[in-house]
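The primary structure of each chain is shown beneath.
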Amino acid sequence: MSAGASDLLATAIKLAVALGILLNVVPVMVWVERRGSALMQDRPGPNRLGPLGLFQALADAVKFMFKEDVTPSAVDRPLYLMAPVLGLLPALTTFAVIPFGPDVTVRGRLVQMVIAPAQTGVLLFLAIASLGVYSLVMAGYASNNKYSLLGSIRASSQLISYELALTLSVVAVIVPVSSFQLRDVVDYQQHHVWNVLPQCIGFLVFLIAAFAETNRLPFDLPEAESELVAGFHTEYSAMRFATFFMSEYISMTSLSALGATLYFGGWTLPGVHVSGLLGAAVGLAVLFGKVACFLAFFVWVRWTFPRFRYDQLMRLGWKVLLPLAILNLIVVAALTIGGIL
Amino acid sequence: MSSTIHLVNESLTVPVSWYLLLSVALFAVGTAGALTRRNGISIFLSIEVMLNAANLALVAYSRQLDQRTGQILVFFVLAVAAAEAAVGLALFIAVYRQRRTIDINRINLMRH
Amino acid sequence: METAVFLVFALLALGSSLVVVAHKSPIYSTLSLVLTLFSVAVLFVLLGAPFIATLQLLIYAGAILVLFLFVIMLLNVGREEGIPGGHRAQLVAAVLGALAFAVALWLLLRPALGAAGTAPLTEELVSLSGLAQELFAEYLLPFEIVGLLLLVAVIGATVVARRPTADELAGGVLAAGGAAGIGGVAGAGGMGGPGSLSALDELEAAESTAASWAADADRAGGGARPASFPGGAEPGARP
Numbered sequence: 001m002s003a004g005a006s007d008l009l010a011t012a013i014k015l016a017v018a019l020g021i022l023l024n025v026v027p028v029m030v031w032v033e034r035r036g037s038a039l040m041q042d043r044p045g046p047n048r049l050g051p052l053g054l055f056q057a058l059a060d061a062v063k064f065m066f067k068e069d070v071t072p073s074a075v076d077r078p079l080y081l082m083a084p085v086l087g088l089l090p091a092l093t094t095f096a097v098i099p100f101g102p103d104v105t106v107r108g109r110l111v112q113m114v115i116a117p118a119q120t121g122v123l124l125f126l127a128i129a130s131l132g133v134y135s136l137v138m139a140g141y142a143s144n145n146k147y148s149l150l151g152s153i154r155a156s157s158q159l160i161s162y163e164l165a166l167t168l169s170v171v172a173v174i175v176p177v178s179s180f181q182l183r184d185v186v187d188y189q190q191h192h193v194w195n196v197l198p199q200c201i202g203f204l205v206f207l208i209a210a211f212a213e214t215n216r217l218p219f220d221l222p223e224a225e226s227e228l229v230a231g232f233h234t235e236y237s238a239m240r241f242a243t244f245f246m247s248e249y250i251s252m253t254s255l256s257a258l259g260a261t262l263y264f265g266g267w268t269l270p271g272v273h274v275s276g277l278l279g280a281a282v283g284l285a286v287l288f289g290k291v292a293c294f295l296a297f298f299v300w301v302r303w304t305f306p307r308f309r310y311d312q313l314m315r316l317g318w319k320v321l322l323p324l325a326i327l328n329l330i331v332v333a334a335l336t337i338g339g340i341l
Numbered sequence: 001m002s003s004t005i006h007l008v009n010e011s012l013t014v015p016v017s018w019y020l021l022l023s024v025a026l027f028a029v030g031t032a033g034a035l036t037r038r039n040g041i042s043i044f045l046s047i048e049v050m051l052n053a054a055n056l057a058l059v060a061y062s063r064q065l066d067q068r069t070g071q072i073l074v075f076f077v078l079a080v081a082a083a084e085a086a087v088g089l090a091l092f093i094a095v096y097r098q099r100r101t102i103d104i105n106r107i108n109l110m111r112h
Numbered sequence: 001m002e003t004a005v006f007l008v009f010a011l012l013a014l015g016s017s018l019v020v021v022a023h024k025s026p027i028y029s030t031l032s033l034v035l036t037l038f039s040v041a042v043l044f045v046l047l048g049a050p051f052i053a054t055l056q057l058l059i060y061a062g063a064i065l066v067l068f069l070f071v072i073m074l075l076n077v078g079r080e081e082g083i084p085g086g087h088r089a090q091l092v093a094a095v096l097g098a099l100a101f102a103v104a105l106w107l108l109l110r111p112a113l114g115a116a117g118t119a120p121l122t123e124e125l126v127s128l129s130g131l132a133q134e135l136f137a138e139y140l141l142p143f144e145i146v147g148l149l150l151l152v153a154v155i156g157a158t159v160v161a162r163r164p165t166a167d168e169l170a171g172g173v174l175a176a177g178g179a180a181g182i183g184g185v186a187g188a189g190g191m192g193g194p195g196s197l198s199a200l201d202e203l204e205a206a207e208s209t210a211a212s213w214a215a216d217a218d219r220a221g222g223g224a225r226p227a228s229f230p231g232g233a234e235p236g237a238r239p
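Chains as they are written, first to last, in the working numbering: chain D, 1 to 341; chain V, 1 to 112; chain Z, 1 to 239.
Calculated directly from the structure, the hints in this document are not laboratory data.
All values reported here derive from a predicted model rather than from experimental measurement.
Among the hints, erroneous ones may be present.
Coverage of chain D stretches by chain Z, computed from C-beta distances (three or more under 8 angstroms per stretch; other residues unrestricted) [as the list claims (entries may be wrong)]:
{"id": "1", "region": "107-121"}
{"id": "2", "region": "127-136"}
{"id": "3", "region": "151-162"}
What follows is a set of in silico ranges between Cβ atoms, one per label pair, in the way DEER data are often shown [what the hints assert, rightly or not]:
{"id": "4", "chain 1": "Z", "residue 1": "Leu108", "chain 2": "V", "residue 2": "Gln98", "range": "40 to 46 angstroms"}
{"id": "5", "chain 1": "D", "residue 1": "Asn24", "chain 2": "Z", "residue 2": "Ala4", "range": "31 to 37 angstroms"}
{"id": "6", "chain 1": "Z", "residue 1": "Phe136", "chain 2": "V", "residue 2": "Ile107", "range": "41 to 47 angstroms"}
{"id": "7", "chain 1": "Z", "residue 1": "His87", "chain 2": "D", "residue 2": "Ala333", "range": "53 to 59 angstroms"}
{"id": "8", "chain 1": "Z", "residue 1": "Leu108", "chain 2": "D", "residue 2": "Ala333", "range": "43 to 49 angstroms"}
{"id": "9", "chain 1": "Z", "residue 1": "Val152", "chain 2": "D", "residue 2": "Ala334", "range": "25 to 31 angstroms"}
The beta-carbon is built from N, C-alpha and C at its ideal position, and this holds for glycine as well.
Assemble the whole structure, with the sequences as input and the hints as a guide.
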């Protein structure tokens, strides 16, 4: 097999694995969300379908598929139909730069356990993630409905405001590593300590900004159930609505994977060194273990805190998180120059 | 390891002049738009197309002459475009407040 | 392979830029511009500038155009009526003029490319550290000046776009930044065109109403009371 063809095959296999996991996260998260919220609210939650209600997500999927597909007549059709799909694309694509295992030599060729070993790794993640705004904006505008429009105006301003804090906290992680590639970040953390310890403020900023970027409570004003009917996805029903919240869960997963890689060592565990394809499998399992912790935290926070008001949200993003992120960056840069980090 | 790993140390199969041709075409399209549109924001968007065409030309030259100057200039052009967009849109908001329209034929003080 | 990628994305860029320029609705224009930027970013990667490509996506497509969309939705900019550009003759003249301009540009720029054969792409050109070195060594002054420029732009945009405060309204035209008649417009909030209240109008109407309720509450009760009594009795009216 020629070099190009075998690279292509390796990428295809990695893609299949990643897609398989990402797409299956959604039904699992649906179950976790509903049982988790039930646990926190001292009620049973779905417990009829299968043991512990595990088949609830399957039932939900079937329901969505069979529900009548209503398209309101006054909507802007091309945008209305494109918006849900356009939300999925950035969510799925951003996962491509996250490493999930050590380099493996298969039949003499070095295969990196990253789908897209780009030179500008993390920046590419942020760039594609920032394109996720357009789906919300298109949905709100196309719906021809003032609640949806309000939802999408709020969404666009919220997302670009918190993107800044997110980017700055990521940059602070990159500074001691001197490379945008996430495999180098993981490498750095293997030789030093996990980044969450020296950069705890940065991690806090990242975490809060991640909540805002994925429109999760307490930052879910764009979807604010009690205020805006259903915000930007008011006019969407059945499978289209399902696509929206699929893309929300998948972007949560991608961002959690980024957080795990930047701050918690990614696919490595201190002391565990397995090589070869088994090492790749172990790395994948470790990474998704950490992602699971993040996702559980997302669910926990959602059912604990009330929603932010719009002006509180903007104030937090610009007057609190941004200065904190800049401060974090300055401190990290000073420590790096001083040779400590 | 870079995303352009397959391209490094290989000659271009597409001559750089094709990129330049595309850049010139985009610039012409942008100019036509900037001259003909009535809506202020659409004019602004056409200008952004022109800026993009210029960026493409800069990067094409950078590749041809094997110097990084072009890429660095694009970096600065991006920053300036951001600043210009921010101020321009703020101006549109201010104009809208006063004139309730951004149709350039109607916010023409010199006509009256 | 590379030729195929170039052709696809070059045609995409050209096509979407035509939509940007020709479509009547500014929202569609903006979304087409996103597509144009994306295609041009791919072309940047082909030309050995992956960092610039990523920056273009991050800054241009990810932030600037979102700002455009935000303002378009805020001001409720509608579709242009009639042929974009107004008169047929004007449109034809502009297109021909642009074509002539393009030919002139091509004739001017082509010779600067030098010899037709292109050298292989060097690792040096693509490397990120090389770019950083050059940017912060040779181009440090322009870098700092651009930083200053962005600061000035932020301050300028904030000042220009905000609502004039009550002092400025009272203090006269000059204090408000030099545009006559702002006072009447800002005070009347929702006095927009017939039937087409934009989000900006509603925001300002809500703000001024909330401000006037707060002022009333302060006058009557003299305390920190929430100014959100829709239609209720004036707080503090009954001691």
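Hints, one by one, checked against the model:
1. Residue count for the region 107-121 of chain D with a Cβ under 8 angstroms from a Cβ of chain Z: 3. That meets the three needed, and the coverage hint holds.
2. With a threshold of 8 angstroms between beta carbons, the proposed coverage of the region 127-136 of chain D by chain Z holds, since 6 of its residues qualify and at least three are required.
3. With 6 residues having a Cβ less than 8 angstroms from any Cβ of chain Z, the region 151-162 of chain D passes the three-residue criterion, so the hint holds.
4. A hinted range of 40 to 46 angstroms holds for the C-beta pair Z:Leu108 and V:Gln98, which are about 41 angstroms apart.
5. Take D:Asn24 and Z:Ala4: their Cβ atoms lie about 34 angstroms apart, and the range 31 to 37 angstroms holds.
6. Against the hinted window of 41 to 47 angstroms, the Cβ-Cβ separation of Z:Phe136 and V:Ile107 comes to about 43 angstroms, which satisfies the hint.
7. Distance hint check for Z:His87 and D:Ala333: the Cβ-Cβ separation is about 58 angstroms, which falls inside the suggested range of 53 to 59 angstroms.
8. A beta carbon spacing of about 44 angstroms between Z:Leu108 and D:Ala333 agrees with the range 43 to 49 angstroms that was offered as a hint.
9. Between Z:Val152 and D:Ala334 the Cβ separation comes to about 27 angstroms, which falls inside the hinted range of 25 to 31 angstroms.
Checked against the numbered hints above, the structure violates none of them.
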